Amino acid sequence: DVKVTQSSRYLVKRTGEKVFLECVQDMDHENMFWYRQDPGLGLRLIYFSYDVKMKEKGDIPEGYSVSREKKERFSLILESASTNQTSMYLCASTPGTGGFSASGYTFGSGTRLTVV
Amino acid sequence: SQKIEQNSEALNIQEGKTATLTCNYTNYSPAYLQWYRQDPGRGPVFLLLIRENEKEKRKERLKVTFDTTLKQSLFHITASQPADSATYLCAYGNNRLAFGKGNQVVVIP
Numbered sequence: 001d002v003k004v005t006q007s008s009r010y011l012v013k014r015t016g017e018k019v020f021l022e023c024v025q026d027m028d029h030e031n032m033f034w035y036r037q038d039p040g041l042g043l044r045l046i047y048f049s050y051d052v053k054m055k056e057k058g059d060i061p062e063g064y065s066v067s068r069e070k071k072e073r074f075s076l077i078l079e080s081a082s083t084n085q086t087s088m089y090l091c092a093s094t095p096g097t098g099g100f101s102a103s104g105y106t107f108g109s110g111t112r113l114t115v116v
Numbered sequence: 001s002q003k004i005e006q007n008s009e010a011l012n013i014q015e016g017k018t019a020t021l022t023c024n025y026t027n028y029s030p031a032y033l034q035w036y037r038q039d040p041g042r043g044p045v046f047l048l049l050i051r052e053n054e055k056e057k058r059k060e061r062l063k064v065t066f067d068t069t070l071k072q073s074l075f076h077i078t079a080s081q082p083a084d085s086a087t088y089l090c091a092y093g094n095n096r097l098a099f100g101k102g103n104q105v106v107v108i109p
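Protein sequences, first through last, are from chains A and B.
Per this note's numbering, numbering of the first sequence is gapless, rising by one per residue and ending at 116.
Per this note's numbering, numbering of the second sequence is gapless, rising by one per residue and ending at 109.
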């Protein structure tokens with residue numbers, strides 16, 4: 001069964017810390033995405049990548065960066081965590097060129113990050 | 001700006017009935033619409049994709065329609081079961097998906 005694995009289910013960090021959220025997929029997918037999900041706001045795209053070493057800003061990239069050194073791994077970095085970054089973070093992947101696939105996205109189980 | 005809207009109110013429905021959810025979009029003409037299911041504390045799971053030239057798509061007890069004139073997609077769960085209780089999300093986009101906020105369905109035994 002295809003899988004997207006996020007390294008932590010729950011994480012508590014202090015304001016100002018540098019935070020790494022890891023995502024690994026075992027499906028050889030070209031495209032990977034980071035979303036955050038908040039009550040009343042839905043899923044919002046932070047960053048995405050269509051290929052190794054490639055990254056594109058989504059709708060809310062401020063305060064975040066990403067790294068994709070290997071095809072299977074896409075990391076989200078919070079440079080200096082703030083309380084307004086408390087959220088559920090979801091990683092997704094999909095095959096195909098340029099981000100589209102008729103088979104949809106495969107999501108990880110999410111990381112619930114609390115910044116105190 | 002592009003917008004995709006789903007009814008924010010939860011849909012409570014009796015077991016065995018058909019649940020119908022609506023997804024409306026504005027300022028955009030997507031070539032595809034996708035539907036996902038999300039359970040509490042979990043990531044969304046892909047259910048169906050419908051293309052703009054397809055009026056209807058079915059998968060088991062699920063049916064999706066796509067009306068490009070009304071700029072609307074309807075999602076039906078027939079013969080609903082308590083296990084269908086979840087939040088259902090619609091999404092569009094060719095190379096990066098934008099999601100609606102989701103519509104919760106509660107199937108009452």
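Hints were generated in silico from the structure; no laboratory data involved.
Any given hint could turn out to be false.
To be verified - List of simulated lysine to aspartate or glutamate pairs, EDC-like, C-alpha gap at most 16 Å:
| id | chain 1 | residue 1 | chain 2 | residue 2 |
| --- | --- | --- | --- | --- |
| 1 | B | 3 | A | 59 |
| 2 | B | 101 | B | 9 |
| 3 | B | 101 | A | 38 |
| 4 | A | 3 | A | 28 |
| 5 | B | 71 | B | 56 |
| 6 | B | 17 | B | 84 |
Since the structure is predicted, the reported quantities are computational estimates derived from the model, not experimental observations.
Against the structure, the hints:
A hinted pair counts as satisfied when its Cα atoms are at most 16 Å apart, and residue 3 (chain B) with residue 59 (chain A) qualifies at roughly 13 Å. The hinted pair formed by residue 101 (chain B) and residue 9 (chain B) meets the criterion: a straight-line CA distance of about 11 Å does not exceed 16 Å. Taken as a hint, the residue 101 (chain B) and residue 38 (chain A) pair is honoured in the structure, with Cα atoms around 9 Å apart against an allowance of 16 Å. Only pairs whose Cα atoms come within 16 Å are accepted, and residue 3 (chain A) paired with residue 28 (chain A) is accepted, the gap being roughly 10 Å.
A C-alpha spacing of about 14 Å is found between residue 71 (chain B) and residue 56 (chain B), which places the hinted pair at or below 16 Å, so the restraint holds. A C-alpha spacing of about 12 Å is found between residue 17 (chain B) and residue 84 (chain B), which places the hinted pair at or below 16 Å, so the restraint holds.
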